[in-house]
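> Please work from the sequences and hints to get the whole structure.
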Amino acid sequence: MIQGSDDVFEKVMDLAKRRGFIWPTSECYGAVAGFIDYGPLGAMMKRRVEDIWRNFYVIREGYYEIECPTIAQEAVFIASGHVKGFSDKMCQCPHCKEYLRADHVAEGGNILNASIMNNNDLADAITSCKCPACEEVLGNVTVFNFNLMFSTTIGPGSQRIGYLRPETAQGMFVDFARLLRFYRDKLPFGAVQIGKSYRNEISPRQGMIRLREFTQAEAEIFVHPDQKNHHPSFKRYAEYLVPLLTYVQQQNCTDPVEITMREAVDQKIIANEYVAYYVALTHELLITIGIKPERLRFRQHLPDERAHYATDCWDAEVFSRRFGWVETVGIADRTDYDLKAHAGQSGTPMTVFIQYDKPKKTERQRIIPNMSVLGKQYRTKAKMIFAELEKAMPTQEGAEIVVDGETIHIPANLFEVRNEVMDIRGEDIIPHVIEPSYGIDRMCYAVLEQAYDEDIADGETRTVMHLSPGVAPVQVAVFPLMTRDGLDIIADEITQTFHKRGILAEYDDSGAIGRRYRRHDEIGTPCAITVDYETKESNTVTIRDRDTMQQIRIPITKLPEIVRALVDRSITFASLSPE
RNA sequence: GCAUCGAUGGUCUAGAGGUAUGACUUAGGCCUUCCAAGCCUAUAGCCCGGGUUCGAUUCCCGGUCGAUGCACCA
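First residue of the first sequence: 337, per our numbering; consecutive thereafter.
Heads up, a few of these hints could be off.
Calculated pairs, EDC-like style, for lysine to aspartate or glutamate (alpha carbon to alpha carbon, straight line, at most 16 Å) [stated by the list, open to error]:
(1) K694 / D648
(2) K697 / D759
(3) K697 / E756
(4) K727 / E752
(5) K628 / D789
(6) K532 / E403
(7) K564 / D648
(8) K522 / E752
(9) K727 / E699
(10) K872 / E829
(11) K532 / E503
(12) K836 / E897
(13) K697 / E763
(14) K872 / D824
(15) K717 / E699
(16) K676 / D789
(17) K717 / D740
(18) K347 / D791
Label pairs and their in silico Cβ distance ranges [unchecked claim]:
(19) K522 / R851: 52 to 60 Å
(20) E594 / K522: 30 to 38 Å
(21) E594 / D350: 47 to 55 Å
(22) D828 / C364: 32 to 40 Å
(23) G850 / T596: 46 to 54 Å
(24) S913 / T647: 34 to 42 Å
(25) M720 / R520: 35 to 43 Å
(26) D424 / D828: 32 to 40 Å
(27) K604 / N476: 44 to 52 Å
(28) C364 / T647: 46 to 54 Å
(29) E620 / T819: 41 to 49 Å
(30) P639 / T596: 52 to 60 Å
(31) P685 / S487: 27 to 35 Å
(32) D794 / S874: 23 to 31 Å
Don't read these hints as lab results, they were simulated from the structure. Because the structure is a prediction, the values reported are computed rather than measured. Don't be surprised by glycine CBs; every beta carbon is placed ideally from N, CA and C.
Structure below.
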């Protein structure tokens, strides 16, 4: 919590509520903590943020989007570790009724291995510990698991357990075999998903930062484990500078250092090229949606902070004047953890066959037993003998094998030894997964908070949202200076023209012109077109820049093209030359 | 979940045991040739449930939501 900054959060959330960005959910019934509604402008803005994300990951990287259900059967989350691992061991203090993390109580009482004890052992272990809240000795308590997943049942009879997904990632893992076929059995490939995830947070607070239902945009990139240092497009970001805060820097309490991705990989600061590539891509993406570079850093997880599946993990943190540094994106190397787990749980192999450039010739010794003799002699044991014999190292006299702890001598005349030359064409490998995971709601909050500004215009305070033109919900406003002499008709025609080009334009003729400018400043509309009396003579209109309030005249015919370019950020207002 | 504090039109706010003040916003009109101007009119409010009381938005209890602290995370 940053002192003295409360008003920014309150002002921006007040504006968000008033103007239709963010609302408390089902407000008429009294809202529910951890859930929000996106209002008309918020939903539009969020969609634009998601579309920018799609531009980066789907269009540019070529990782197609899939859409899986938000509910999945229990087995999926048994494999992923969420049924067991996504819960906290809790107990309640019998004296002050405080809910406590049982393992934390144990650690506080110097009890070793608390994290791997079962609930009963843990309950026994902490009987003599003191409650950190009221200082009373706990005595007999019950330790229970509080799982952060919402559970439900599938179908009538309530027999099948289902969970609301706590992350979108599992959908991409369980579809692995299909995805691999779709990408014609070649690595690397990726799949992405933008959708809702659910976590039954114990105590959600902080508006949009900690939600029980939230939107994630996740990419799962499947790579050959030996190729993690060979991202095919790495050179795009090799010289890209990103402020990194390594775990060593955190331990020494030093500031982040700007470093190129090439150096970060070469100096082994970032584990591999893939992780570095998505760190840099994430930096560029966050800047694109309007995060200020000076309020952005990448923090490496401390070794004991990393999730059970990750070897290296970096969080993009955005500085909030309200909440301090907020984790907004996580970029993790999940290794083969997930695919191994799902392959084991489901029985479906999740491997990729990698062909060698040239088949490897290997000489192999094959042992071919004379089964007609061995079968009769050893009967039920014959099958096991056959299996052991294949692995045996026979000599002139025969082979010694061990079956059921009994050493058996098989004479050389009961099998034939052949030396064969085999072609090994390739091998099955389990890909590793690089996962950039974005919290869309947190990105939206950061965008709103950073966009909020008050300046002084003509001696009065002007509230303006400096939204990046790419995420502003309304893309252009169109005003007739006066509602008469046909100015309103021209303005209306211009609005229609924008609509035909897919540009979200809003017509407004209500109140004084200055008021209309202010209204659109407040919702971040990047530019406003005004039809005035000169329009009728020269077919030109003024276009006003939200940030500088400057206006220039341009021909009506050029409007759609110019506004489109402004919204795409391919030109800036400052570069426009007056006609 | 627990502890502390809070809740009055869309927003900010005044107020009292007898249904509520003002401003801004919004809508309609007048006026207006480029930055929240002016005038007229209108719309709209005491978080929910229970108790005390003739009467509660006000006092009491419980709840909901929000803010702060404990714990987890995108």
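> Next, verify each hint and record whether it holds.
Checked hints:
For the hint pairing K694 with D648, the CA-to-CA distance comes to about 34 Å; that exceeds 16 Å, so the pair is violated. Under the criterion of a C-alpha separation no larger than 16 Å, the hint pairing K697 with D759 is consistent with the structure, at around 5 Å. Taken as a hint, the K697 and E756 pair is honoured in the structure, with Cα atoms around 10 Å apart against an allowance of 16 Å. Among the hinted pairs, K727 with E752 is consistent with the structure: their alpha-carbon atoms are about 14 Å apart, no more than 16 Å.
The hinted pair formed by K628 and D789 meets the criterion: a straight-line CA distance of about 14 Å does not exceed 16 Å. Distance restraint check for K532 and E403: the Cα-Cα separation of roughly 10 Å lies within the 16 Å cut-off, and the hinted pair is therefore satisfied. Only pairs whose Cα atoms come within 16 Å are accepted, and K564 paired with D648 is accepted, the gap being roughly 12 Å. With a C-alpha separation of about 40 Å, the suggested pair K522 and E752 falls outside the 16 Å cut-off, and the hint is violated.
The straight-line distance between the Cα atoms of K727 and E699 is roughly 15 Å, inside the 16 Å bound, and the hint therefore holds. Among the hinted pairs, K872 with E829 is consistent with the structure: their alpha-carbon atoms are about 13 Å apart, no more than 16 Å. As the CA atoms of K532 and E503 are separated by approximately 8 Å, the hinted pair is consistent with the 16 Å bound. In summary, the hint linking K836 to E897 is supported, as the alpha carbons are separated by about 12 Å, within the 16 Å threshold.
Using a Cα cut-off of 16 Å, the hinted pair K697 and E763 holds, with the two alpha carbons roughly 13 Å apart. At roughly 12 Å between alpha-carbon atoms, K872 and D824 fall within 16 Å of each other, so this suggested pair holds. With a CA separation close to 29 Å, the supplied pair K717 and E699 exceeds the 16 Å bound. For the hint pairing K676 with D789, the CA-to-CA distance comes to about 49 Å; that exceeds 16 Å, so the pair is violated.
Of the pairs offered as hints, the one joining K717 and D740 holds, with about 9 Å between alpha carbons and a cut-off of 16 Å not exceeded. Under the criterion of a C-alpha separation no larger than 16 Å, the hint pairing K347 with D791 is consistent with the structure, at around 14 Å. A hinted range of 52 to 60 Å for the beta carbons of K522 and R851 is consistent with their spacing of about 59 Å. The beta-carbon spacing between E594 and K522, approximately 36 Å, falls within the hinted interval of 30 to 38 Å.
Between E594 and D350 the CB atoms are about 36 Å apart, so this pair departs from the stated range of 47 to 55 Å. Look at D828 against C364: about 36 Å separates their beta carbons, and that is inside 32 to 40 Å. Checking the proposed 46 to 54 Å range against G850 and T596 shows it holds: the Cβ atoms sit about 48 Å from each other. Our hint of 34 to 42 Å for S913 and T647 is violated, since their Cβ atoms are close to 53 Å apart.
Restraint check, M720 to R520: a C-beta distance of roughly 41 Å satisfies the suggested window 35 to 43 Å. Hint check: D424 to D828, Cβ distance near 59 Å, so the stated range 32 to 40 Å is violated. The given range of 44 to 52 Å is respected by K604 and N476, whose C-beta atoms sit roughly 50 Å from each other. At about 48 Å, the beta-carbon gap between C364 and T647 stays in the expected band of 46 to 54 Å.
About 44 Å separates the C-beta atoms of E620 and T819, a value consistent with the hinted range of 41 to 49 Å. Against the hinted window of 52 to 60 Å, the Cβ-Cβ separation of P639 and T596 comes to about 25 Å, which falls outside the hint. For P685 and S487, the Cβ-Cβ distance of about 30 Å falls inside the hinted range of 27 to 35 Å, so the restraint holds. Taken as a hint, the range 23 to 31 Å holds for the pair D794 and S874, whose Cβ atoms sit roughly 28 Å apart.
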